[in-house]
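Asker: Input sequences plus hints: build the corresponding full structure.
Residue numbers (our numbering), protein chains in the order written: chain A, 1 to 530; chain B, 1 to 530.
Where hints are given, some of them may not hold.
Heads up, the list lumps identical chains together, so a pair's fine if it works in one copy or across two of them.
Pairs of lysine to aspartate or glutamate, DMTMM-like flavour, derived with a Cα cap of 20 Å [what the hints assert, rightly or not]:
(1) K164 x E29
(2) K260 x E29
(3) K418 x E378
(4) K23 x E166
(5) K418 x E377
(6) K33 x E21
(7) K242 x E17
(8) K260 x E166
(9) K265 x D300
(10) K260 x E307
(11) K150 x E17
(12) K198 x E377
(13) K520 x E480
(14) K260 x D168
(15) K20 x E97
(16) K198 x E341
(17) K193 x E251
Rather than coming from a laboratory, the hints here were simulated on the basis of the structure.
2 protein chains.
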Amino acid sequence: MAQTKEKAATTKIKAQELAKEQKQVSVSEFFLKNRHLLGFDNPLKALSTTVKELVDNSLDACEEMPVLPEILVELRQTAENKFIIIVEDNGPGITKEQLPNVFARLLYGSKFHSMKQGRGQQGIGVSASILYGQLTTGKPARITSRIDVKHPANFIELRINTAKNEPDVLTEKEIEWLNKEHGIRVEIELEGKYQKGKLSVDEYMKQSAISNPHAQFTYINPLKERVTYKRATNQMPKPAKKIQPHPHGIELGALMQMMKATKAKTMLQFLTNEFSRVSSNVAHEILTKAQIGQETKPVDMAHDQSEKLFKSIQETKIMAPPTDCLSPIGEEILTASLKKEFPAEFFASTTRSPSVYRGIPFQVEAAIAYGGSLPKEELVRLVRFANKVPLQYQQSACATTRSVINTVWRNYGLDQSKGAIPSGPAVIVVHIVSVWVPFTSESKEAIAHYPEIIKEIKLAVQEVGRKLYSFVRKTVRMREQKERASLFDGYIPELASTLAVLTGAKKTELEEKLKERLKKDLPLILEQQA
Amino acid sequence: MAQTKEKAATTKIKAQELAKEQKQVSVSEFFLKNRHLLGFDNPLKALSTTVKELVDNSLDACEEMPVLPEILVELRQTAENKFIIIVEDNGPGITKEQLPNVFARLLYGSKFHSMKQGRGQQGIGVSASILYGQLTTGKPARITSRIDVKHPANFIELRINTAKNEPDVLTEKEIEWLNKEHGIRVEIELEGKYQKGKLSVDEYMKQSAISNPHAQFTYINPLKERVTYKRATNQMPKPAKKIQPHPHGIELGALMQMMKATKAKTMLQFLTNEFSRVSSNVAHEILTKAQIGQETKPVDMAHDQSEKLFKSIQETKIMAPPTDCLSPIGEEILTASLKKEFPAEFFASTTRSPSVYRGIPFQVEAAIAYGGSLPKEELVRLVRFANKVPLQYQQSACATTRSVINTVWRNYGLDQSKGAIPSGPAVIVVHIVSVWVPFTSESKEAIAHYPEIIKEIKLAVQEVGRKLYSFVRKTVRMREQKERASLFDGYIPELASTLAVLTGAKKTELEEKLKERLKKDLPLILEQQA
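Answerer: Written out as structure tokens, the structure reads:
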């Protein structure tokens, strides 16, 4: 009994002791400790990630306006492992009031709540880059913004207060910004590592130019090499459109929460206003089936009524979500970009029809480049894009990779080991666009394994695979024909001798005739098989 | 000019228009939309993830106390795709005041700020499970907690207010909890899918029993099958210890922030109190090299002084971080667990010495099971643990996988295609423990690709690889010897005839003698080679 009492005392102390340590973690602190989630695992990647986040924002802003993007990206080395990253655009700028929030709060932005295809979606990336800069160099970020010609530009220096996830503005002033009517310029100093190659910022810029043919990029690397990527078209891409959520993508709990939050006064209004593809007729059908009056107030819905409504929605045929909200690159431009980029002899692209995962529309494009002077003995190179942004890291975690590995490439003329990417002289490109791309982490480097997405990617690569196969088959046949012809060519002297003996004709003449014949026929045979 | 004015007007409106849409996103909303980051991509995984998060917390709580864990896990099917998950433990319980915070706030907990090996670390998992439950079923979570025998238990029903990331308590009362002096019981109803196999909850429980031999689990699956995993040892594992950060793992910005926040009054105090492995001597050396007085107040440190301090820290030899803070499974128990689990003929384990990434100590264990009735034609099965928690998902994204793929397994007697996991009759186990395991996402399914970690895993699997090879070589030699012997056996009649002719002895006698000789010698030969 004494023992039990003593034990009890210890127990109580333990729970109370633990209680003192239980506290809220700020989202800034969380990502500071988990910085690899945001793409800051190492100095090399830190540089790429920061450029990517800033360029993504600039491109999105220019499309919002809309204006043809003119973007400057400059990397200046300040010490062995330190760089200033400068990105400047000609977008709409950001108001003075919002500048500190947009740049120095994690999870702050305009894109999170809207269902619209965009490069940024979370309101994390740029603030995270500033956070990483202050972590590794102790220096604040420097931002210039101008919203029109009538106003001077605003310049601020800021840090993030990580314990509160709030901006800490050090300097704020108006400055002159010559030759710039509107736009943003961001300068971040951070610890980084610059090198050339597949994972470099150079490569990122090149791939961005491929997926954004309407943008002009000027890129100056730390070696002061300056590259200008001129725009390939003066046409803005088809604008991406905001959409409402689709009823078949909503879960019971989310539906209940929407009914609590809605401004609609009746259930009929609620269904027709807050969802896509719900006409009055469809709303009527849903409510009747669920035995709910059209005039019922959303806030008055009881739990069992909500469950009935949810079931009724699932059982009602509703048109698939609108897909004109998406803006892919397009087969033609994708092929043209590949031709510009890779020294291959065969190219093919495909843009699939849009599809839906969890009620969210998405669309997949794939392309392939084959042969030429692409390396023959290596694994195929996989180039991935999501909402027109190149994905350079975490290839093995990506739904794209899974889909490519699970495709039987031997059927399409490439070698492939079990459980591996195919090998051979080819580049495979996969692009997914969506109003909400499900990434495997906040750093947006790989696409999550939703079965619908994996299926669409497989279908897309199979399509280009089939095109590849018909090319490979043709090439292989041609090669075989040529080999046969050259074999025949070798036998001509002997054949000519025999014929000379049989017919009494001259051997040399016969030889010549046979050779001429072969020369004349071979192209015809090859053509017929083509 | 008129045009410029008009354009300017449009621009201004755009920036102001966008400003209205820019706002803070709550961390709950963020994870609700990005639920796959937390392991809720699909109903099958939702079930595993929830069980994992609850069991992790229970095991951690029992070790905090410390008490030998007795954990009940029950899955009850309530509809075709709905389940109630119940997890009950005998840990210290949670105080009435903290219950709502711990269970209904994301990023709330006791483990985030302490550097200590534990299963949970972020304060996200359990709240996320409750969030997913309310999203898919609209039902609140039900929690019972008791902190000692003198108090009744507290029972609450709660939801998460996602817009605010705050608890919303629906019911709160005291209840009797018979036969339970202290502990927690959590019930969450959610949409899920139950099935058997490699990714099942059944498998998760089995693997948890392997990595936690001191725990007793009672597991009741939806088919009402009851399995009890009895504890293999009554010894609590070596307790994991909290440590201070190591100076070589701190970045400049973080150092500056620590100096702002510290309670230490002098730089000498600051360095010796807030870091591990910094004695007065070491602190003295650091400060002298940086030309900073010992009595300088940390808050008074200017930017350039901080930079000098940082540089001086990097240049000072400091003992590696303490590693007795880690608690691995151990070679013996790992081998024993594998023997229990897999029908192989050869087993080997290794526990590496602790190592350090970014100033954070970690330690890798590896094991292999080979031969027996393991499937011969398939890819090798990779079993992964982190801080004693089985990792079932995202294998391809894991540093473990990268390390195994980059090891040349042909050297150790396994087949391997380029860029793939080896194939053959083997199971490879990798376990990493650390005071902070860097996962690739909040769902804690795969380990991030830090070079130091990849290197240690490679060294660990190479060690067991070499052990495997000496076994395989021996086995292969034995097989070759046997084959040679049986070949000789086949020639005995002919040899006997020839000898009979040469010597005049009887053929049958010679044959018998030769056979006896072979029988006697073969085991000796085999033994010598063993």
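Asker: Going through the numbered hints above, which ones does this structure break? Give me the numbers in ascending order.
Answerer: none
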